[in-house]
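Student: Sequence:
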Amino acid sequence: MKNKLFAAAVLSLALSPALAADGAISVNYVFEGDHQVDFSSMARGPLRVGEITDGRAVDNPMLIAGDIVADKALADIVRDALVQGFLKGNAGLVESEEKLILEGSIVSSETAVSGDTLQITIRTSVQLNNAGRTIWETVLFGRGSAPVAEGANAALTDALDRTIRSLVLDDYFLMEVL
Numbered sequence: 001m002k003n004k005l006f007a008a009a010v011l012s013l014a015l016s017p018a019l020a021a022d023g024a025i026s027v028n029y030v031f032e033g034d035h036q037v038d039f040s041s042m043a044r045g046p047l048r049v050g051e052i053t054d055g056r057a058v059d060n061p062m063l064i065a066g067d068i069v070a071d072k073a074l075a076d077i078v079r080d081a082l083v084q085g086f087l088k089g090n091a092g093l094v095e096s097e098e099k100l101i102l103e104g105s106i107v108s109s110e111t112a113v114s115g116d117t118l119q120i121t122i123r124t125s126v127q128l129n130n131a132g133r134t135i136w137e138t139v140l141f142g143r144g145s146a147p148v149a150e151g152a153n154a155a156l157t158d159a160l161d162r163t164i165r166s167l168v169l170d171d172y173f174l175m176e177v178l
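Following our numbering, the numbering of the sequence shown begins with 1 at its first residue and continues without gaps.
Keep in mind the hints are simulated off the structure, nothing from the lab. Check the hints yourself; a few may be wrong.
Derived CB-CB ranges, DEER-like [claimed, not checked]:
#1 Lys72 with Val94: 21 to 29 Å
#2 Gly55 with Ala131: 19 to 27 Å
#3 Pro61 with Asp34: 25 to 33 Å
#4 Leu93 with Asp71: 41 to 49 Å
#5 Val107 with Glu32: 20 to 28 Å
#6 Ile135 with Leu169: 16 to 24 Å
#7 Met175 with Pro147: 19 to 27 Å
#8 Val30 with Asp171: 25 to 33 Å
#9 Leu169 with Val107: 13 to 21 Å
#10 Asp116 with Asn90: 35 to 43 Å
#11 Ala112 with Asp71: 33 to 41 Å
#12 Ala43 with Gln127: 16 to 24 Å
#13 Gln36 with Leu93: 14 to 22 Å
In silico EDC-like cross-links for lysine to aspartate or glutamate, where the CA-CA straight-line distance does not exceed 16 Å [said to hold, decoys possible]:
#14 Lys72 with Asp38
#15 Lys99 with Asp171
#16 Lys88 with Asp38
Quick reminder that beta carbons are idealized off the backbone N, C-alpha and C, glycines included.
Could you build all of it, start to finish, from the sequences and the hints given here?
Tutor: Dropping the structure here:
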């Protein structure tokens with residue numbers, strides 16, 4: 001029990017500098033990875049990244065997990081990350097007249113501290129629809145880690161990077177869109 005209290009105190013102190021004046025971390029996620037998937041010629045039609053909802057039982061949609069709160073809704077952060085992942089692969093995303101639509105819902109999010117490492121895990125259920133019919137679905141698993149001293153943004157960035165890779169490197173998803 002003492003270890004858990006100590007870990008919570010360390011996490012709280014380490015996150016304090018990363019918190020904005022209103023207590024929320026400012027999330028400016030940019031996908032800088034290279035998943036090496038070319039979406040420029042999606043033969044199955046234009047794709048739209050639709051709504052990502054928050055299916056967690058939380059009162060505050062800006063809650064990342066634990067006591068970490070962002071300056072925007074977690075569902076919006078995850079959707080933006082997925083869009084960035086597609087754009088990194090030169091996808092020609094559309095806002096209307098799509099043949100394919102990717103939608104989803106955040107299933108869960110959690111934090112953990114182990115020693116001096118902060119871990120954030122986000123699970124997002126996603127479905128790929130074609131003409132109103134689900135043609136593929138899975139739960140994306142994004143677990144990110146960073147030293148506690150680097151703050152929640154570093155662990156969140158790693159979690160979002162892994163969420164993107166979990167989607168764009170899924171062979172069955174690729175078979176449906178490419």
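Student: Determine for every hint whether it applies to the structure shown.
Tutor: Now the hints, each set against the structure:
1. The beta-carbon spacing between Lys72 and Val94, approximately 23 Å, falls within the hinted interval of 21 to 29 Å.
2. Evaluation of the 19 to 27 Å hint for Gly55 and Ala131 yields a pass: the beta carbon distance comes to about 24 Å.
3. Checking the proposed 25 to 33 Å range against Pro61 and Asp34 shows it holds: the Cβ atoms sit about 31 Å from each other.
4. The supplied range of 41 to 49 Å is broken by Leu93 and Asp71, whose beta-carbon atoms lie about 24 Å from each other.
5. About 26 Å separates the C-beta atoms of Val107 and Glu32, a value consistent with the hinted range of 20 to 28 Å.
6. As the Cβ distance of Ile135 to Leu169 is approximately 18 Å, the hint placing it in 16 to 24 Å holds.
7. Between Met175 and Pro147 the beta carbons are some 38 Å apart, a value that contradicts the proposed interval 19 to 27 Å.
8. Against the hinted window of 25 to 33 Å, the Cβ-Cβ separation of Val30 and Asp171 comes to about 27 Å, which satisfies the hint.
9. For Leu169 and Val107, the hinted distance range of 13 to 21 Å is satisfied, since their beta carbons lie about 20 Å from each other.
10. Checking the proposed 35 to 43 Å range against Asp116 and Asn90 shows it holds: the Cβ atoms sit about 39 Å from each other.
11. At roughly 23 Å, the beta-carbon separation of Ala112 and Asp71 lies outside the given 33 to 41 Å, and the hint is violated.
12. Checked against the hint of 16 to 24 Å, the pair Ala43 and Gln127 passes, with Cβ atoms roughly 20 Å apart.
13. In this structure, Gln36 and Leu93 meet the distance hint of 14 to 22 Å, their C-beta atoms being roughly 19 Å apart.
14. Distance restraint check for Lys72 and Asp38: the Cα-Cα separation of roughly 30 Å exceeds the 16 Å cut-off, and the hinted pair is therefore not satisfied.
15. Between Lys99 and Asp171 the alpha-carbon distance is near 20 Å, which puts this suggested pair outside the 16 Å criterion.
16. The suggested pairing of Lys88 with Asp38 holds, with an alpha-carbon distance near 8 Å, which does not exceed 16 Å.
When each numbered hint is compared with the structure, violations occur for hints 4, 7, 11, 14, 15.
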